[in-house]
Amino acid sequence: MASSAVLLLILMVVAATVHGHTHTPGGTPAALFWEAALPDSPMPESIAHLVQKGTDHSPLQQHHSAAMILPNACLGYSYRIICNSPAQQASSVEGLFFRESDMRVGRTMTVALPAFDPAPFLPRKAAERIPFGNLADALYRFGITPGSQEAARVGETLSACREAPLAGSRKACATSLEGVVLSATRMLATSRPLVAAASALPNSGLPRRTYTVQAIKPLGGGGGGYVACHSRAYPYAVYECHMMEGSSEEAYVVSIRGGSGLPTVDMAAVCHFDTSNWIPAHPAFKILGTHPGGSPVCHFLPYADLMFGVKMADNA
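Residues -20 to -1, 1 to 296 in mature numbering (1 follows the signal peptide of the UniProt record, and there is no 0) are what the sequence shown lists, from first letter to last.
Hints should not be assumed to be uniformly reliable.
Straight-line alpha carbon distances no greater than 25 Å define the calculated BS3-like cross-link-like pairs of lysine-lysine that follow [what the hints assert, rightly or not]:
#, residue 1, residue 2
1, Lys291, Lys151
2, Lys105, Lys151
3, Lys197, Lys105
4, Lys291, Lys197
Simulated from the structure, these hints should not be mistaken for laboratory data.
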């Protein structure tokens, strides 16, 4: 089923390219691929920015630091890592996590996400020519000093990508936007069309304040499984995608507003109903007052992270 879905996707992309779909952001191959693979989901501005940035300012010619200390370090596939520093464990990610009961129209929650400018996407052909997985080769190719903090971040990303999936889950690392979409397609293994969502916040983040929930929409109409893809520290865009089998997760687009006269922000969010495999020291438990296997843990997706789902309803 998975291989059939991927083959169908590739045929759709070829057909779209032949028929000259050129109104995607920048008309890049990655944008054309996205349009053909996800016709019901316009490419998020954050992703379009990273695609264009990788075309205009290639990481192969310009150095992009991999020494990132970000909230998505707390959203790792295995949920066995904590964060990048003890001080970050609760204070700087407090505005990322929330309770499922907070996700009601009219309810308020404190939200804050820091500024984040992730590495740009390499064109797929360039990414496929670069060996991925060898730390020494990566440090040499991108001029990173061995033993530096940046080298440590690159090593952590390579280790995370080599890590075996947990029981009842699927995972993959992708080094191009096309690879991200294909990874989600393989994991979801369905003939139904896919939809995608990303948080529509700017890369300057969201200021800490009280936000009111304006609307909630299940991704794809609800059900069908979800794949979350998080950007990782590397000189060019590397995404770690993961999926829990069964019904232990639900994904949403949650519209929030920080006050009268302020714009509404559409945020991609996911709720985890089974946290029994998470480490007890994970900061979400301290922030929300729960524990592994306790009440659901929900969180927003940081800038340029992606969530994929199956389109289950015509109006989704």
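**Item:** Structure versus earlier hints - violations, ascending order
**Value:** Hint check: 3 fails alone, others pass.
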